Amino acid sequence: MKKLLGLVIVLGMIIVGFSAFAQEEPVYLGTAIRSLSNPYHAVWAEGATAFAKSLGWEEYNVIQTCEGSSEKQLNDIKALVARSQGNVVFSIDPNQSTDTQAIANELEKSGVYFVTWWNKPDEVKVTDYKYWVCHITFDNRASGYNTAKVLFDSIGGSGKVFALQGLLGNSSSIERWEGFQKALAEYPEIELVGWQAADWEKTKAYNQVSNALVANPDIKAIWCANDSMAIGALEALRARELIGKVPVSGVDAIPEMITAIKNGEAVATVASDAFWQGGMGLSIPLAVKQGKIKIEELPENKREWIAETILITQENIDWYIENYVEGTPEYDWNNYWGKWVRGIRE
Amino acid sequence: METKAAVLSDSEKTWLSKIGANPSLIALIVLVVFFSFLNPRFFTLSNLFNILDLASLLVITSLSLAFILMMGSIDLSVEGVVGLCSVVASLLVKNFSNSNDFGFLALVICGLVGAGFGFLNGFILSRFKIPSFMVTLGIGYITTGLGVLITRGNPVVITDWNFRLLSLGKIGFLPFPFILALGLFFIIWFISEKTAFGRYVLALGGDETIVQDLGIPTSKIKTEAFLIGGILYGIVGALLTARLGSGDITAPLGFTFDSIGACVLGGIAITGGVGNVPRAIIGAFILTVLRNGMVLMGVSPYVQQGIIGVILIATVALTIDRKKIKIMK
Numbered sequence: 000m001k002k003l004l005g006l007v008i009v010l011g012m013i014i015v016g017f018s019a020f021a022q023e024e025p026v027y028l029g030t031a032i033r034s035l036s037n038p039y040h041a042v043w044a045e046g047a048t049a050f051a052k053s054l055g056w057e058e059y060n061v062i063q064t065c066e067g068s069s070e071k072q073l074n075d076i077k078a079l080v081a082r083s084q085g086n087v088v089f090s091i092d093p094n095q096s097t098d099t100q101a102i103a104n105e106l107e108k109s110g111v112y113f114v115t116w117w118n119k120p121d122e123v124k125v126t127d128y129k130y131w132v133c134h135i136t137f138d139n140r141a142s143g144y145n146t147a148k149v150l151f152d153s154i155g156g157s158g159k160v161f162a163l164q165g166l167l168g169n170s171s172s173i174e175r176w177e178g179f180q181k182a183l184a185e186y187p188e189i190e191l192v193g194w195q196a197a198d199w200e201k202t203k204a205y206n207q208v209s210n211a212l213v214a215n216p217d218i219k220a221i222w223c224a225n226d227s228m229a230i231g232a233l234e235a236l237r238a239r240e241l242i243g244k245v246p247v248s249g250v251d252a253i254p255e256m257i258t259a260i261k262n263g264e265a266v267a268t269v270a271s272d273a274f275w276q277g278g279m280g281l282s283i284p285l286a287v288k289q290g291k292i293k294i295e296e297l298p299e300n301k302r303e304w305i306a307e308t309i310l311i312t313q314e315n316i317d318w319y320i321e322n323y324v325e326g327t328p329e330y331d332w333n334n335y336w337g338k339w340v341r342g343i344r345e
Numbered sequence: 000m001e002t003k004a005a006v007l008s009d010s011e012k013t014w015l016s017k018i019g020a021n022p023s024l025i026a027l028i029v030l031v032v033f034f035s036f037l038n039p040r041f042f043t044l045s046n047l048f049n050i051l052d053l054a055s056l057l058v059i060t061s062l063s064l065a066f067i068l069m070m071g072s073i074d075l076s077v078e079g080v081v082g083l084c085s086v087v088a089s090l091l092v093k094n095f096s097n098s099n100d101f102g103f104l105a106l107v108i109c110g111l112v113g114a115g116f117g118f119l120n121g122f123i124l125s126r127f128k129i130p131s132f133m134v135t136l137g138i139g140y141i142t143t144g145l146g147v148l149i150t151r152g153n154p155v156v157i158t159d160w161n162f163r164l165l166s167l168g169k170i171g172f173l174p175f176p177f178i179l180a181l182g183l184f185f186i187i188w189f190i191s192e193k194t195a196f197g198r199y200v201l202a203l204g205g206d207e208t209i210v211q212d213l214g215i216p217t218s219k220i221k222t223e224a225f226l227i228g229g230i231l232y233g234i235v236g237a238l239l240t241a242r243l244g245s246g247d248i249t250a251p252l253g254f255t256f257d258s259i260g261a262c263v264l265g266g267i268a269i270t271g272g273v274g275n276v277p278r279a280i281i282g283a284f285i286l287t288v289l290r291n292g293m294v295l296m297g298v299s300p301y302v303q304q305g306i307i308g309v310i311l312i313a314t315v316a317l318t319i320d321r322k323k324i325k326i327m328k
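Sequences listed follow chains A and H, in order. In terms of numbering that gives the first Met the number 0, the first sequence is residues 0 to 345. In terms of numbering that gives the first Met the number 0, the second sequence is residues 0 to 328.
For the record, the hints were derived by calculation from the structure and aren't laboratory data. These numbers come from a predicted model, not from an experiment. For each residue, glycine too, the CB sits at the ideal point set by N, CA and C. There's no promise every hint is true.
[Said to hold, decoys possible] Chain H regions said to be covered by chain A (calculated; three or more residues, Cβ under 8 Å):
(1) 49–59
(2) 285–299
[Claimed, not checked] Some chain A residues well away from chain H (every beta-carbon gap over 10 Å; in silico):
(3) E23
(4) E57
(5) N60
(6) S83
(7) W194
(8) A220
(9) I230
(10) I305
(11) E314
Produce the entire structure from the sequences given, and follow the hints as far as they go.
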């Protein structure tokens, strides 16, 4: 009798032990972005949270905001690595291009898999690292180029245009400007009467456009490197009763811009799908950590790549609202390469 | 016979205050003449309207900083409190997120919210003897955090077009925000020149120990000064929402630098005890005119911020009272 009881207990322990083994160990999910005070990153955070929820790992989901400080970003990352004892993966939007290498070195040293977005110096190669899974960016030049073309077409391909750049040091600002210049070269009857830097901000854009409208009262269209500035420009136009008469373009597809395009006040923006960025940025390094992706088998163009964006204009605005605003598209977090367009260096 | 050195050290607060004429006003006039020559569009009615409109928000925040700087303190919570009040305003008037419809009452409520945080600034500063630099920085972070918490990062778009008249409206050819700023200027100027409180504020900046020895309640004065500042920030927050059509916690980015810069450019010493309220307004206009003029002149955007920085450093160097640097206010 005693022997039978003993056997049952041992069997029970073996079964419990195996079932604990069979469940996947939760991993900390670190998202490092600039600030929740802008809609773009706010949606990013929602995507990350949705991904964590899909695994039932909400308590392991950590959103870190650096509020524009490169130092804070690096420190927060280090702190989470320490707290999780290395059992973490990261999705990072580096504060500036120059920070990417420091972050990469730190995580490589700690043996933590991660993905970076947007900003990276060209000379730094992801393939030189074992733990840096991917660097994903969007075609900023294409964003600048396409929105500029739509803007120029909306005024019949000729006339005076004013432009607002973002923070002059950001690579996205520089690249979107290059795209704009390329479009400008293709439209000989479009004249750029001036440009200012509004640092990605609504209020600064308002002030700059107010001044620009005095300097050049016959501006026919305004190109902006992002939507927040485009909204500032629209409000400055409204204050001078020019809204709807002078079209505006931006990038980011924030809710206010979607409304403006629907109202006919703006003509173009670009969506990079921040929700997808939030979730996929964690799904990919997690897949590597769990052995579902083997990093050594990834070709170079899957280590540094460009992801799909959606150009939103007055033509497809209703479709976009139906699918992305009123509904949320279905995201398959295991479809790692679904939005892959091409390698960065191609 | 007094030695030259003794005469200088006795009255050498700043050499600016010894000159009867106001150098900043002269500077403003010179700038206006200069830019008018370089671009005929500068001296037009359209640009005057533009400058008044752009300067109005800065004038109001500078009124607050004027009081606080003259007292010898500093206020780094401008952006946070203005941003939070912008968010509060947007949630109180008709908007897309809730069914509130407080209309112009929102302006009053924002003033009260701002007053609350201003009071906190002054209270913590005087009760716990923490330098204003730290207190206001902390309150700035707290208010920004609250704003983000309330909105989860998404600006709240408003639909109350009457409320928007606070920014879009005009009386005659004057933009309404400017008229509001002018009204507030006269109130603050009156408080500063005609009340005992106003005189104590300046005295505190001059030499706090003397004021204390005279039995004047310095804590109360400091708290009141920050409270007034808070009310002004609340009003600016509501105005910003009216201007931009949404409550956005990031909208006032850059206001701290601009407001302190305006006071300094106008001739209010950053070390306290020197200046008066009109100087802050002159400084606000100098900054606005500089930015407007540079755009009209076609100055490269790459150097514009740098030029303003250089002018500011030069002005601080000329107005700072080096004897007082060690005292933390």
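Status of the hints after comparison with the structure:
{"no.": "1", "hint": "49–59", "result": "holds (count 3)"}
{"no.": "2", "hint": "285–299", "result": "holds (count 5)"}
{"no.": "3", "hint": "E23", "result": "30 Å, holds"}
{"no.": "4", "hint": "E57", "result": "17 Å, holds"}
{"no.": "5", "hint": "N60", "result": "16 Å, holds"}
{"no.": "6", "hint": "S83", "result": "25 Å, holds"}
{"no.": "7", "hint": "W194", "result": "7 Å, violated"}
{"no.": "8", "hint": "A220", "result": "18 Å, holds"}
{"no.": "9", "hint": "I230", "result": "7 Å, violated"}
{"no.": "10", "hint": "I305", "result": "26 Å, holds"}
{"no.": "11", "hint": "E314", "result": "24 Å, holds"}
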